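*Asks:* Respectively, the protein sequence lines represent chains A and B.
Heads up, the first sequence is in our numbering, so the first residue is 1 and it goes up one at a time.
Heads up, the second sequence is in our numbering, so the first residue is 1 and it goes up one at a time.
These aren't lab readings, by the way, just hints derived from the structure by calculation.
Note that the structure is a prediction, hence the values are computed from the model and not measured.
Note that beta-carbon positions come from the ideal geometry of N, C-alpha and C, so glycine has one too.
It is possible that part of the hints are untrue.
[What the hints assert, rightly or not] Not the full set, but computed from the structure, chain B residues with beta-carbon under 10 Å of chain A:
| hint | residue |
| --- | --- |
| 1 | T50 |
| 2 | A59 |
| 3 | V64 |
| 4 | G66 |
| 5 | T96 |
| 6 | E187 |
| 7 | G219 |
| 8 | K254 |
[Claimed, not checked] Beta-carbon label-pair distances, calculated as ranges:
| hint | chain 1 | residue 1 | chain 2 | residue 2 | range |
| --- | --- | --- | --- | --- | --- |
| 9 | A | N215 | B | D133 | 52 to 58 Å |
| 10 | A | S214 | B | M124 | 47 to 53 Å |
| 11 | B | Q195 | A | N215 | 54 to 60 Å |
| 12 | B | R177 | A | K274 | 26 to 32 Å |
| 13 | B | M124 | A | R11 | 37 to 43 Å |
| 14 | A | G13 | B | Q53 | 26 to 32 Å |
[Said to hold, decoys possible] Derived SDA-like pairs: lysine to any residue, alpha-carbon spacing no greater than 20 Å straight-line:
| hint | chain 1 | residue 1 | chain 2 | residue 2 |
| --- | --- | --- | --- | --- |
| 15 | A | K274 | B | M188 |
| 16 | B | K356 | B | L368 |
| 17 | A | K8 | B | M361 |
| 18 | A | K274 | B | L368 |
| 19 | A | K8 | B | G202 |
| 20 | B | K356 | B | P45 |
| 21 | A | K8 | B | H223 |
| 22 | A | K274 | B | V47 |
| 23 | A | K8 | B | G220 |
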Amino acid sequence: MHEAFVEKYARTGHLPTIWCPGCGLGTAMRILMRALADLEIDPGRLVVVSGIGCSSRMVGYLDCNTVHTTHGRALAVATGIKLARPELTVVAAMGDGDAASIGGNHLIHAARRNLDITTLVLNNSIYGMTSGQTSPMTPHEAVTTTAPLGNLEHKFHLCDMVRGAGATYIARASTYHHMLAGRLLKEALRHRGFAFVELLTQCPVYFGRFNRMSNPSDMLRWLRDNAVKYVPGQEKELRDEQFYIGELFRDETKIDYGELLRQLRELVRSREAKGS
Amino acid sequence: MAHTVLLQGNEACAEGAVYAGCRFYGGYPITPSSEIAEYLSRRLPLVGGTFVQMEDEIASIASVIGASMAGVKAMTATSGPGFSLMQENLDLAAVTETPVVIVNSMRGGPSTGLPTATGQGDLMQARWGSHSDHPVVALAPAGAQEMFDLTVRAFNIAEHLRLPVVLLPEAVVSHIREAVRIPDAGEMEVIERHQPESYDGGRFFKRNEHGLAFPPTLGGGFHPHYTGLAHAEDGFPTSDPETAGKFIEGLNLKVAANVELLTDYEAEAVDDAELILASFGVTGRACQHVARILREQGRRVGYFRPRILWPFPEARLRELSRTARAFLVAELNLGQMRLEVERVVCGRARVVGLHKVDGTMLEIDEVLAAASEVPADA
Chain A
1 MHEAFVEKYA
11 RTGHLPTIWC
21 PGCGLGTAMR
31 ILMRALADLE
41 IDPGRLVVVS
51 GIGCSSRMVG
61 YLDCNTVHTT
71 HGRALAVATG
81 IKLARPELTV
91 VAAMGDGDAA
101 SIGGNHLIHA
111 ARRNLDITTL
121 VLNNSIYGMT
131 SGQTSPMTPH
141 EAVTTTAPLG
151 NLEHKFHLCD
161 MVRGAGATYI
171 ARASTYHHML
181 AGRLLKEALR
191 HRGFAFVELL
201 TQCPVYFGRF
211 NRMSNPSDML
221 RWLRDNAVKY
231 VPGQEKELRD
241 EQFYIGELFR
251 DETKIDYGEL
261 LRQLRELVRS
271 REAKGS
Chain B
1 MAHTVLLQGN
11 EACAEGAVYA
21 GCRFYGGYPI
31 TPSSEIAEYL
41 SRRLPLVGGT
51 FVQMEDEIAS
61 IASVIGASMA
71 GVKAMTATSG
81 PGFSLMQENL
91 DLAAVTETPV
101 VIVNSMRGGP
111 STGLPTATGQ
121 GDLMQARWGS
131 HSDHPVVALA
141 PAGAQEMFDL
151 TVRAFNIAEH
161 LRLPVVLLPE
171 AVVSHIREAV
181 RIPDAGEMEV
191 IERHQPESYD
201 GGRFFKRNEH
211 GLAFPPTLGG
221 GFHPHYTGLA
231 HAEDGFPTSD
241 PETAGKFIEG
251 LNLKVAANVE
261 LLTDYEAEAV
271 DDAELILASF
281 GVTGRACQHV
291 ARILREQGRR
301 VGYFRPRILW
311 PFPEARLREL
321 SRTARAFLVA
331 ELNLGQMRLE
341 VERVVCGRAR
351 VVGLHKVDGT
361 MLEIDEVLAA
371 ASEVPADA
């Protein structure tokens, strides 16, 4: 028997998942389901949209309205869903390659529009589904199947990027910090506007194995040891594998795109009524 | 109330979309399609709809698919370079059986090509632009009235068969200004989204006796799973060869199974014609005119123009190839429709091409000269 919130939000008949032993995505899915349960979100009114990659397979296991789209396009599809049916709760769940590389443009503009969508980026620092190639969020010097002597590039600070683009809620945690992750995700789901949560997860098979962390617990320790609690005003220089955790930004004053659109419809209709 | 107004082709298309119940437009500016976006940005909010300018054409079609999955009729419009970008998600719409309408206003040439000039070079792309075997329907309007009528038709076909429908006007048809009759509400058929009340054991993608599946809308009371992966009738991915094969064949067979609904052409004086002038879009209008001139001169010449290009009207064309001696295929590309006519005619009649790719239209004189050159004993 599963716990009640799992029975409610998981397609239990489709379990077990395709994820490798030790993968963090099961933990991430549990964090998401727990947050949905705590907020009593009706699965019939919930749409979870994903792209392509290990984490994007999560939607197949969630018992609600789910859409597994093309690589990188989850937020573009989610934009259509949310604008067409504003009453639905829309969550976009993507991997780091999905969100930061092939879907980077969609992430920028979904944030800029301040759409009322909760975006969950499951960052395992690697392309796991295709067996371990460098992602835009692979730390500098980490070893991958396409950077056998270490990554020449530096990782993408996606939270900073969406801040510049216009997101109105931004937070980061990891599967090691699962209690914090749950609290932040609930804040994100409650937030009216574009809410962005980056959740670092462990991929012991395709990231850890090449970087002397093939044991999942080594990877969890890596997540623990590189996390730096975010305190506003006390920012410091971080090494490439380090990351801030906690709520990074919040703006409750900016009106979300859907609401602006609703106001626009009212305006043009009242103008036409006066004109005729 | 029904009324006749002077409209640009693109405006007529936008009005047709609103008539057909389109309430979502996601698009990206590109010549010669932009007037559709501009018009709908004013028009849609008035009818409670949504206009959103997306960041590129990939996002445009993706947003349209999302809106349609959520139960709202949706459309995007673009031109060649944007249509190329849309190919990735065009077959996502096909595979998830999501009705969408894509207007591809054809410019001249490959790549950036001739952005403000006309062409008909995307005929094959409309059919085969996305990878692998997927169903798609394409319509070719020849003027502003057909921009209205065929846009309504495009939405109806998309809803009926649950697939992407491409409207393929040339730049000239997008920009032509002609009188357009806007019918009364209810005068033209409008097919609404069909959602069964129940699904047999959660098999949301199970086909009926016509080969059609009607998966539920998001937030419509069920918990559907949509995926671009090959899937079983329940919507969940599978790589079982039997199920995957059945899925891909079933997806493509739904066009063949409904081909009578998808056959629409304009034909004139073809029954006794020795020479048939075949074309599509506005180029067809020149052919029609030339066929009439030659008839008056006593030559047995007919005219044939598919309004629905894909599926290609092969049954009728095959019939005609048994009586006609020659086909002159006139088009603004290097032989894309000619190839299709050759395939269907299969050597029973001579097939001659008249092709032009300089961004200008085929003039009546040019068609007349080419038709006169086809030997009478061909």
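*Asks:* Between the alpha carbons of K274(A) and M188(B), is the straight-line distance 20 Å or under?
*Replies:* Outside the cut-off at roughly 30 Å; violated.
*Asks:* Between K8(A) and H223(B), does the CA-CA distance stay at or below 20 Å?
*Replies:* holds (12 Å)
*Asks:* Would the hint on T96(B) stand, with a C-beta cut-off of 10 Å toward chain A?
*Replies:* Holds: closest Cβ of chain A sits about 8 Å from T96(B), inside 10 Å.
*Asks:* Take a quick look at whether K8(A) and G220(B) sit within 20 Å of each other, Cα to Cα.
*Replies:* holds (18 Å)
*Asks:* Does G219(B) pass the interface check with chain A, least Cβ-Cβ distance below 10 Å?
*Replies:* holds (5 Å)
*Asks:* Just to be careful: measuring from the Cβ of G66(B) to every Cβ in chain A, is the smallest value less than 10 Å?
*Replies:* Result: holds, 3 Å to nearest chain A Cβ.
*Asks:* Does V47(B) lie within 20 Å of K274(A) when you go C-alpha to C-alpha?
*Replies:* Holds, at about 16 Å.
*Asks:* Would the pair K274(A) and L368(B) pass a check requiring their Cα atoms to be no farther apart than 20 Å?
*Replies:* Distance of about 55 Å is beyond 20 Å: violated.
*Asks:* S214(A) and M124(B), beta-carbon distance inside 47 to 53 Å?
*Replies:* holds (50 Å)
*Asks:* Are K356(B) and P45(B) close enough, with their CA atoms no more than 20 Å apart?
*Replies:* At roughly 41 Å apart (the allowed maximum being 20 Å), P45(B) and K356(B) break the hint.
*Asks:* Between the beta carbons of R177(B) and K274(A), is the distance compatible with 26 to 32 Å?
*Replies:* holds (30 Å)
*Asks:* Taking the beta carbons of N215(A) and D133(B), is their distance inside 52 to 58 Å?
*Replies:* violated (45 Å)
Checked against the numbered hints above, the structure violates hints 6, 8, 9, 11, 14, 15, 17, 18 and 20; every other hint is satisfied.
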